[in-house]
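One-letter residues, chain by chain:
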Amino acid sequence: MQNPLTVYELSQRIKTCVDNNPLLSNVWVKGEITGITYHSSGNIYFTLKDKDSLISAAFFRYMNSKLKFKLNEGQSIIALGSVVIYDKRGSYQLKVADVMLEGVGEIQLMLDELKKKLAKEGLFDASRKRSFPFLPKRIGIVTSPTGAALRDILKVALRRYPNLEIILAPAKVQGGDAPKSIIKAIKELNRDKWNVDLIIAGRGGGSVEDLLPFSEEGVVRAFAESRVPIISAVGHQIDHPISDEAADFAAPTPSAAAEFAVQDKSQLSASVNQFSRRMDYALRKIISSADGRLSNIETKKIFTEPKAAFEFKEYELDRISESLHYALNEKLRDSASRLEKCSRFEKDMILITRSKEMLFAKGAELLEKLSPLSTIARGYSVSLDSAGRIINSVDKAKQGENIKLLLSDGSLGCVVNSVNKGDVLGKEKEKN
Amino acid sequence: MEKKKKKTEETKTFESALEELEEIASELETGELGLDEALGRYEKGVQLSRFCRKKLDEAARKIDILQKQGDEIISKPVKLKDDEGEIEEGEDVQGELL
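Chains as they are written, first to last, in the numbering used here: chain A, 137 to 568; chain B, 18 to 115.
Hints in this document: simulated from the structure, not taken from any laboratory. There's no promise every hint is true.
What the hints assert, rightly or not - Here are the computed lysine to any residue pairs in the SDA-like style, where the Cα-Cα straight-line distance is at most 20 Å:
#1 B/LYS96 / A/ARG296
#2 A/LYS273 / B/GLN86
#3 A/LYS323 / B/GLN86
#4 B/LYS79 / A/SER402
#5 A/LYS166 / A/LYS185
As the list claims (entries may be wrong) - Footprint (simulated), chain B over chain A, 3 or more residues, beta carbon under 8 Å:
#6 252–261
#7 280–290
#8 294–303
#9 348–357
#10 396–406
Even glycine gets a Cβ: it sits at the ideal position worked out from N, Cα and C.
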């Protein structure tokens, strides 16, 4: 007998076999919930069973806090978890990481797998996304010709852009044939012949199963391979088919897809008009200010009355020549008047001379009359004393004084014999 | 030179033309351009607005539905009921191309 193992040692061996065994780790298990207990710690314990087996399961608080629904007794679920050994009790457990309701869960599982696979291939890479033409002229639509989606898309698109060109590639959008039909339609619209600027592919809301064709691998690939930019427009806002991942744009609804893809023409027209108006107005302002400057210049006399400038100069010239004339005239006049004055003076001089001559003649005559010479000539004489002074009074002569008598033809030396004062003619006074 | 200009004019998108038009409007509004330059920009703006209007009216409203005819796929014009976006009743259209 070999050395026996301790229970603990055996448990450890079991643990090594189980822990991290890919067959037992992160596996999806489906079964029905039974014996569920919500522990006050927040952990959830239950047993998962099917008709043949059961396994106890622990869904710990830190894992179950993200769960969006309540787990209930009898629910069929699919649980993601790993098997762990609980050695203290000699049991094994499923340590649950996530739970889905069966049905939905199963589909979701499949979809998640597909999504993962395609993502790995790079089908959803952001670098693959193309931008959409701003102003599409012609759009392609892939949907059912009788569905609500088409009606919604047409309504919105034509309201926004009344002269839009639309090509519908009809497709079945639910049921088993749908994927092939959708793929065919997308491929057809990708042909150059149809010359579409973008494609909207989708359908209206429905059950999870109804929307499945848009998560079908072939369809998702057709979205990814579309040469023309493509919009996935499936269901309602809450629906996320895988086509959303592969498309260049995922619209929450078909109407939203049309809203996104097609511009509001009236708004664009309004923008063009507005910018044009702004431009017109701005230019008018620039021109009117330039015009103002121009008319400012234009109103300057040199432009309005170009002659005016010369007129002014002429005027100035006139004024100058006038004043020159004036000055000249003045000078002339002055000279003339001076000349006149001179000539007047000459006349005066003549007159004066003449009158002076007359005066002189008169004077001379008078002088002749008054001249002692003539008196002397008439018989009078002038007596001079020895000093030559005129003796005009007897008082000035003394008896015995030698005096000189001036006569008209010579002089007489005389001696005063007597001095007799008194009237010369007749009543001679006796000298005392 | 002239040819080159024409080519860029053709490849110009509505979007970039509209953007440039707005730029020109803003430029003119600053009032900082000289008259000659302003007239030049304005002329360009008028060209752009004409281009934009032309682009907006380029599409001719029509709705076609593709139909399978033998091995061919053909397009068939359809009429819509009012503004409701619904295809006129009586239009005989196939539901798919297969």
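Structure-based check of all given hints:
With a C-alpha separation of about 18 Å, the suggested pair B/LYS96 and A/ARG296 falls inside the 20 Å cut-off, and the hint holds. The hinted pair formed by A/LYS273 and B/GLN86 fails the criterion: a straight-line CA distance of about 26 Å is larger than 20 Å. Restraint check for A/LYS323 and B/GLN86: satisfied, since their Cα atoms lie roughly 17 Å apart, inside the 20 Å limit. For the hint pairing B/LYS79 with A/SER402, the CA-to-CA distance comes to about 18 Å; that is within 20 Å, so the pair holds.
Taking the CA atoms of A/LYS166 and A/LYS185, the gap is near 8 Å; set against the 20 Å cutoff, the hint holds. With 0 residues bearing a CB less than 8 Å from a CB of chain B, the region 252–261 of chain A misses the requirement of three and the coverage assertion fails. Beta-carbon proximity to chain B at under 8 Å applies to 8 residues in the region 280–290 of chain A; the threshold of 3 is reached and the given coverage holds. With 9 residues having a beta carbon nearer than 8 Å to a beta carbon of chain B, the region 294–303 of chain A meets the requirement of three or more and the stated coverage holds.
For the region 348–357 of chain A, the stated coverage by chain B is violated: 0 residues have a C-beta nearer than 8 Å to a C-beta of that chain, whereas at least 3 were required. Look at the region 396–406 of chain A against chain B: 3 of its residues bring a Cβ nearer than 8 Å to a Cβ of that chain, three or more, so the hint holds.
The structure is inconsistent with the numbered hints 2, 6 and 9, although it conforms to all the rest.
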